[in-house]
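Peer 1: Sequence:
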Amino acid sequence: QNEEKWDFVLVSDIHAMGSEKEIKRKKFLDELSKKGFAIKKIEDTKLFYGVRAPMQILWNYQCLQRKANSGQQNSSAHQDVPEATRIRIVSFILRNTVTSDLEKLNKLMKQKVFEAAFPLHQEEEIKEILKKKTCAHWIIRFKKQPIKEIRDYFGEKVALYFAWLGWYTYLLVFAALAGLVTVVAGTTVFSSSQVSKEICEANTTFMCPLCDQNCSFWVLSDTCTYAKVTHWIDNEATVLFAMVMAVWATVFLELWKRERATVVTKWNLHEWDEDEEELALQLIHNLQHEPQKYQHSYFRSTIILILALLLIMLLIGIAHMLVIYRAVAMALFMQSQVTLLSKHADTVAVTTGAVLHYITIIIMTKVRGHVGPWALLPFLEKPRTSCQRENSLAVKVFIFQFFTNFSSLIYVAFFLGRINGHPGQYVRIAGHWRLEECHPSGCITDLFIQMAIIMLLKQTISNIMEYLIPYISHQLRKKRKHPKKKSLMLGEEEEAEDPCRRHWLDNYELNEVNIFSLFNEFLEMMIQYSFTTIFVAAFPLAPLLALINNIIEIHMDAFKMTRLHQRMVPRKAKDIGIWLQVLEAIGTLAVIGNGLVIAITSDFIPVQVYKYMYSPCARENRTGMDCSTGYIDNSLSVFRIQDFEPHTKAGMERPGLAPTGLCRRYRDYRNADDYTYTVQFWHIFAARLAFLILFEHVALCVKLIAAWYIPDVPQRVKNKILCEKHKSLHNEVRWVMPWKVPG
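Per full-length UniProt numbering, the sequence shown starts with residue 1, numbered consecutively.
Warning: the hint list may mix true and false statements.
[Claimed, not checked] Straight-line alpha carbon distances no greater than 30 Å define the calculated DSS-like cross-link-like pairs of lysine-lysine that follow: (1) 24 to 34; (2) 35 to 572; (3) 148 to 718; (4) 574 to 396; (5) 27 to 107; (6) 112 to 26; (7) 257 to 718; (8) 21 to 41; (9) 725 to 572; (10) 5 to 104; (11) 574 to 718; (12) 382 to 112; (13) 110 to 26; (14) 574 to 293; (15) 5 to 572; (16) 574 to 5; (17) 458 to 560; (18) 293 to 396; (19) 572 to 110; (20) 5 to 127.
[Stated by the list, open to error] DEER-style ranges, computed between Cβ atoms: (21) 338 to 180: 33 to 39 Å; (22) 293 to 419: 48 to 54 Å; (23) 39 to 477: 21 to 27 Å; (24) 39 to 180: 55 to 61 Å; (25) 275 to 464: 38 to 44 Å; (26) 273 to 552: 33 to 39 Å; (27) 100 to 305: 38 to 44 Å; (28) 100 to 282: 17 to 23 Å; (29) 468 to 693: 47 to 53 Å; (30) 293 to 184: 56 to 62 Å.
Calculated from the structure, these hints are not laboratory results. Glycine included, each C-beta is placed from N, C-alpha and C at the ideal position.
Working from the sequences, and respecting the hints, build out all of it.
Peer 2: What follows is the structure in structure tokens.
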């Protein structure tokens with residue numbers, strides 16, 4: 001079927017003749033006609049205007065591109081203009097066409113003169129893309145997606161997104177395997193760890209109450225299972241895994257740079273320049289166009305910085321609210337009459353706190369999508385091009401989303417159990433609720449639970465909603481906008497339907513897209529990459545969850561773009577833009593974050609200090625025994641019951657406790673007489689600091705070596721570019737100095 005090809009469709013309500021909106025619509029369409037655009041009108045429940053650009057405009061663009069890329073092969077004949085290029089040029093002209101009233105399309109759409117403007121999907125091309133994607137659904141072939149077809153249909157920007165996502169997913173296989181090996185290694189010490197054994201056997205070690213009112217002393221062995229889970233996560237293999245992930249993040253980025261260079265060179269875009277592209281489109285549209293100059297203002301930059309700091313303070317305040325919730329919930333659960341709640345109050349508080357954190361993420365993401373200081377960015381920063389505007393916006397939105405997702409995790413990882421004081425001198429919220437404490441075996445399990453819940457909820461509920469909402473919206477649009485079939489009178493013949501009518505209506509019924517559609521997909525993956533790398537030492541299963549998510553994400557994104565959303569306007573690009581710098585920043589944060597998790601959150605350093613300075617092995621030079629024997633008893637300080645605060649009413653009915661008048665206190669190295677820090681505390685503090693410095697320097701050195709060892713651009717790509725330059729210069733020499741060229 002040889003249907004007419006139309007580049008764009010404009011949709012408008014049927015306005016009354018002579019109305020202001022009808023006049024403005026006519027003026028805009030007249031401006032397009034003056035530029036040589038072909039326009040076709042179809043009237044239904046709405047007015048549809050098909051728009052097709054004259055070939056002269058497209059040829060002018062080709063000519064300017066050949067001048068800009070003079071190193072490429074020249075051709076005097078006009079070549080066929082790719083469909084993606086046609087749509088991009090037409091979209092630019094439509095958006096920049098000014099009526100006699102000095103109004104552009106965006107303003108007319110806000111005034112409801114036009115309701116929608118979109119390029120058309122092509123069913124045959126969609127089937128080809130989805131067919132090849134179905135054939136490439138195995139993990140091993142993620143890096144061999146139909147990138148050429150995606151580029152031809154959606155443009156380079158979307159093609160590079162899928163190329164990056166496929167490459168990221170492919171390399172996640174190795175990170176997921178490393179995480180599984182770490183978990184398996186932890187399983188081997190699940191029941192054999194000396195530290196967890198001591199906790200499970202400590203049935204005569206009584207611990208201080210976890211709340212002030214009506215909380216009894218408790219036996220350390222009651223938390224045997226919790227201790228085993230902690231040492232399943234927190235062991236020597238975790239340190240090695242953290243180092244491996246730091247190297248993996250660097251290798252991933254370096255290999256992606258090589259892949260990008262290969263793909264972009266194949267597309268002949270390695271010398272493409274965004275400024276030249278923008279200027280070429282402007283000149284095609286208007287020969288009298290004057291280029292917009294670069295602008296920078298320290299005053300505007302200061303205002304933006306202040307707004308960003310205020311936002312970060314707001315997000316930290318929200319994290320404080322979560323801390324308050326956990327402290328209050330812990331106290332209430334401990335005093336609950338429900339045995340299950342009171343017995344596992346700490347775990348329930350952590351779990352519900354994580355769910356509340358997820359709900360906060362959802363709410364703040366919705367708020368970010370509708371309001372925020374970045375709405376002022378175009379007026380404050382005045383970026384020159386759309387790409388610069390998007391890059392500037394990406395940095396600020398990523399920082400917002402990063403603090404939204406990680407502020408609570410940062411508290412759990414580095415502050416939980418370290419700022420709560422000690423018995424007799426607790427730090428309290430509003431002078432009433434005590435801050436949470438860590439388990440005697442460490443705080444890393446709390447971080448594990450928090451990350452596991454957030455990642456699982458984000459990758460199940462959020463992803464289901466991401467595809468379910470567009471699907472439901474599409475079905476509702478079909479019902480609301482589908483025209484009723486015209487009833488025929490007796491003897492009346494049905495008119496032959498214009499073949500464009502059904503095609504345009506089908507596209508109109510799809511969900512609208514905007515310039516942030518792909519932006520949001522990148523942002524989602526950046527946050528996932530942060531979860532996969534920054535605190536991965538506390539949650540080795542993060543790469544596996546990310547891998548499973550991405551296997552689904554790649555195909556669902558393709559389905560969403562082709563079947564549920566209107567066609568994106570193709571955009572030209574030679575890289576993934578500012579997101580590469582964001583990935584590099586996340587890689588550096590991953591080294592710092594994992595170093596801090598092992599040095600501060602994990603119990604790895606205190607155990608090592610005990611082994612080599614305070615254990616029986618160090619004192620008595622014993623062999624044939626586990627050097628961590630006695631660690632738990634050594635790590636618990638002694639507290640006198642009479643030193644409790646006056647308003648603390650602890651249950652002292654626990655048998656075996658009253659004669660001694662003492663209770664054990666975990667994770668605090670304090671003297672029994674005045675509760676000041678012991679020498680061992682400072683030894684551990686120095687060891688933590690030394691390990692952190694050593695780990696980060698070694699990891700960063702390995703990252704630098706890996707970055708140096710793996711060139712950003714493959715040698716074959718460099719040689720190809722070199723040969724093209726040589727050929728171009730050789731041709732120039734033939735024209736400039738023909739007598740020098742051998743006959």
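Peer 1: Next, verify each hint and record whether it holds.
Peer 2: Here is how each hint holds up against the structure:
Annotation: proposed proximity of residue 24 to residue 34 holds, straight-line Cα distance about 16 Å (limit 30 Å). Using a Cα cut-off of 30 Å, the hinted pair residue 35 and residue 572 holds, with the two alpha carbons roughly 24 Å apart. Between residue 148 and residue 718 the alpha-carbon distance is near 21 Å, which keeps this suggested pair within the 30 Å criterion. Restraint check for residue 574 and residue 396: satisfied, since their Cα atoms lie roughly 23 Å apart, inside the 30 Å limit.
Under the criterion of a C-alpha separation no larger than 30 Å, the hint pairing residue 27 with residue 107 is consistent with the structure, at around 14 Å. The suggested pairing of residue 112 with residue 26 holds, with an alpha-carbon distance near 14 Å, which does not exceed 30 Å. Under the criterion of a C-alpha separation no larger than 30 Å, the hint pairing residue 257 with residue 718 is consistent with the structure, at around 13 Å. A C-alpha spacing of about 17 Å is found between residue 21 and residue 41, which places the hinted pair at or below 30 Å, so the restraint holds.
Between residue 725 and residue 572 the CA atoms are separated by roughly 23 Å; this keeps the pair inside 30 Å, and the hint holds. Our distance criterion of 30 Å between C-alpha atoms is met by residue 5 and residue 104, whose separation comes to about 25 Å. In summary, the hint linking residue 574 to residue 718 is supported, as the alpha carbons are separated by about 16 Å, within the 30 Å threshold. Between the alpha carbons of residue 382 and residue 112 the distance comes to roughly 27 Å, so the proposed pair stays at or under 30 Å and holds.
Taking the CA atoms of residue 110 and residue 26, the gap is about 16 Å. The hint holds against a cut of 30 Å. Under the criterion of a C-alpha separation no larger than 30 Å, the hint pairing residue 574 with residue 293 is consistent with the structure, at around 23 Å. Restraint check: the Cα-Cα separation between residue 5 and residue 572 comes to about 22 Å, which is no more than 30 Å; the hinted pair holds. About 28 Å separates the Cα atoms of residue 574 and residue 5, which keeps this hinted pair within 30 Å; it holds.
Of the pairs offered as hints, the one joining residue 458 and residue 560 holds, with about 18 Å between alpha carbons and a cut-off of 30 Å not exceeded. Restraint check: the Cα-Cα separation between residue 293 and residue 396 comes to about 23 Å, which is no more than 30 Å; the hinted pair holds. Between residue 572 and residue 110, the direct Cα distance comes to roughly 27 Å. Compliance with the 30 Å bound is thereby established for this hinted pair. Between residue 5 and residue 127, the direct Cα distance comes to roughly 18 Å. Compliance with the 30 Å bound is thereby established for this hinted pair.
Under the hint 33 to 39 Å, the C-beta atoms of residue 338 and residue 180, about 37 Å apart, fit the expected range. At roughly 51 Å, the beta-carbon separation of residue 293 and residue 419 lies within the given 48 to 54 Å, and the hint holds. Evaluation of the 21 to 27 Å hint for residue 39 and residue 477 yields a pass: the beta carbon distance comes to about 25 Å. Here the CB-CB span from residue 39 to residue 180 is close to 60 Å, well matched to the stated 55 to 61 Å.
The beta-carbon spacing between residue 275 and residue 464, approximately 42 Å, falls within the hinted interval of 38 to 44 Å. Between residue 273 and residue 552 the beta carbons are some 37 Å apart, a value that agrees with the proposed interval 33 to 39 Å. As the Cβ distance of residue 100 to residue 305 is approximately 42 Å, the hint placing it in 38 to 44 Å holds. Distance hint for residue 100 and residue 282: a CB-CB separation of about 20 Å, consistent with the stated range 17 to 23 Å.
Evaluation of the 47 to 53 Å hint for residue 468 and residue 693 yields a pass: the beta carbon distance comes to about 48 Å. As the Cβ distance of residue 293 to residue 184 is approximately 60 Å, the hint placing it in 56 to 62 Å holds.
In the structure shown, no violation is registered for any of the earlier numbered hints.
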